[in-house]
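In the order they appear, the protein sequences are chains A and B. Be aware that the first sequence starts at 1, since it is given in this note's numbering, and climbs by one per residue. Be aware that the second sequence starts at 1, since it is given in this note's numbering, and climbs by one per residue.
Bear in mind the hints are in silico, worked out from the structure with no lab data behind them. Fair warning: this is a prediction, and the values are worked out from it, not measured in the lab. It is possible that part of the hints are untrue.
Unchecked claim - Facing chain A, from chain B, some residues (calculated, C-beta under 7 Å):
#: 1; residue: Ala133
#: 2; residue: Gly152
#: 3; residue: Gln276
All C-beta atoms, glycine included, are put in the ideal place defined by N, C-alpha and C.
Spelled out, the chains give:
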Amino acid sequence: MRTGRTIMATIAALALSTSVAFAEDIKVGFNGDLSASPSALSGQAGVLGIQAAIDDINAVGGLLGRKVILVTRDDLSQPPKSIQNMSDLIDNEKVTVVFGPTNSGNALAWKHIPNQKHVPSIGMVGSGTDITKPGPGGGDNYMFRVSMVDRSQVAGLMVYAKNNPKSKKIGYMAETTGYGQGGLKDIQEIGDLQGIKPVAVERFGVADTDMTSQLNKMKEAGVDTIVVWAQGTPTGQLLRSMEKINYFPLVLSSWAADNKSFFDAAGEKLAELPIFMRTLTDDLTPKQQKLFARVSAKLPSTPAFPFVVHGYDAMMLYAEAVKQAGSDDGQKVHDALENLKGTYDGYAKTYKAPFSATQHEALTTADFKWAHWQAGKLRSYSDDIIKKLTAADFKI
Amino acid sequence: MLAPYIQAMLSGLAVGGIYALIALSFSITFTTTNTLNFSQGEFVSFGAFVGITVLLFMSGATSLSAIPLSASGGLNYPIVLTVAGVLSGLIGIVIFVAAVRPFTGKPGMSWVMSTIGFGILLQNVGLLVWGPAPANLPAPLGDNVIRVLGAGVRPQELLDLSAAVVIMIAYDLLMRKSRVGKAMRAVAHSPQTASLMGINVQAMMIGAYAASSALAGIAGVLIAPVSTASLFMGLGFALKAFAGAIIGGLSNARGCIFGGFALGVIESYVGLWQAQWREIAVFVLIIIVLAVKPNGLFGARLVEKV
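Let's have the full structure, built from the sequences with the hints guiding it.
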């Protein structure tokens, strides 16, 4: 009896001491595709950025004097797995924030979970417009983002088309996936706001290798400017099909055109045609170059570098919020994120009050850069139209 | 004025050739073993990546993304085709022995699940070996657009089309003229009778799976320069090819080939009208064909004795 009691007491003491040890660390989570689809490269790059930020935080004594640990979960780009990971990270691992996911669709599948559990989620890869929109029935919105946003990119592309004197007949094209159709909806809505009437709208499959039929219709309608929303490979195939029928309109594209998959599919020469927006180009600032040098050995592909930056800045903004709240409690950090005081000098930009109760995007159209490919590099793009644009021209 | 229609025909035939090749590979196993390999798409992707890996070694490049554009020149591409075909064929034997043979001749359709499962296995092994990123397989005849009557086509698309036609004619001759072909047809007709006639039925079935998988692997190497290789590219092609095989009649190799080509051309012309209706048009066509001719346009009528 007595030995039994002693053992029990020992176990209890041990359990207590481990739980105390756990409480000393702040656990942050990443949930996203790290292995199963082409976008996994973006997820891997994002994790590199988060880890770099955590290393920097731990090097100066951690957060609130506690060590920060990253727990990653691969969702294999599958929504059910992603939902399961979310519960695992929040309920079992007790993470205080979740970064990710890689695929926008997965964020839409679980965005109710952070809201219900009051654990902030900061996206740093997926660009789907609806991810950060408040859920139905009101309540606090725990979805934040430090990344590209589809609708903000579309706003940029449409203002360019509107103000380009050479764009007289505009056509829209999109792939038939959720990504393509979501983007097409944004294009049509912002096109309406800008007073643009498309003369043709065409769709194509994500695995199509030949879009000449659709392009011939664009050509016959006299389209001189195509706004296209598709992933990297099909956007590349679209340009190859343009070459087949010798038809080269101005192409304004989603940022998928910055992917290596786009560059490989289109080839070096055709890849130079589209203009698009992204958060960084290869024309890095000295500060960004330092980060690049630090992670480049582990970076899966150079065009994925912006996700390192998003991941780093997202983790740092979270750390700022924890410091301001003086706690890692989800509700308090959420409120601190929405009212961040002071400025944080990040890698993408200097953040000043990045979030508010209604604005959950740290990066918006004004922070995006125009880009295009030149001799195999992602260069900044500028012309007279872009130089003349003012904030008032943008409609969103 | 006519150029868009010529373009649609050419583009449709180019894609259709690939559908036809994979449709034929479905037909081969169906006629001899009464089963289908539902992981045919994964074999297509697998073949493409085996091809790229062979090129990687031959060109001495350091990574999949660093293969020079000239790597496929000379005899390299035929070597790549052969290696991809042989390796896929060998794995085809594995899938037959491990996932199909235990269930042949038994009631139920367990082989549907087991072949799908094998495909998932193959894809995951592929992800471990090659990673999720797409890779380029340089085209052997260059990448410059060839103009035919105002329409544009790439050398690789013409190569795919001619390779598909050559392979199909060779297969047709083999089946109709050679002893092996006749033995295969005998097994397809009635395994029991063929066995009584001294034909090694097991060997024929293994051969059918090897040939079918080899064909899928070769198709992968042929498609990769057009579509860029990814471990996820095969499924879409295989699904369309299967649709083509159903239209033509799974039990008739020539019918499958016709179905594959027809599907490519129909898709292309529907795209000229309303691209978003393409998939709908294809499957409406399948429903109509099956309603009128349940075994496909050229399929043999099955008489089930009860």
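Exercise. Honestly, which of those hints from before does the structure not fit?
Worked result: Hint check: nothing fails, all pass.
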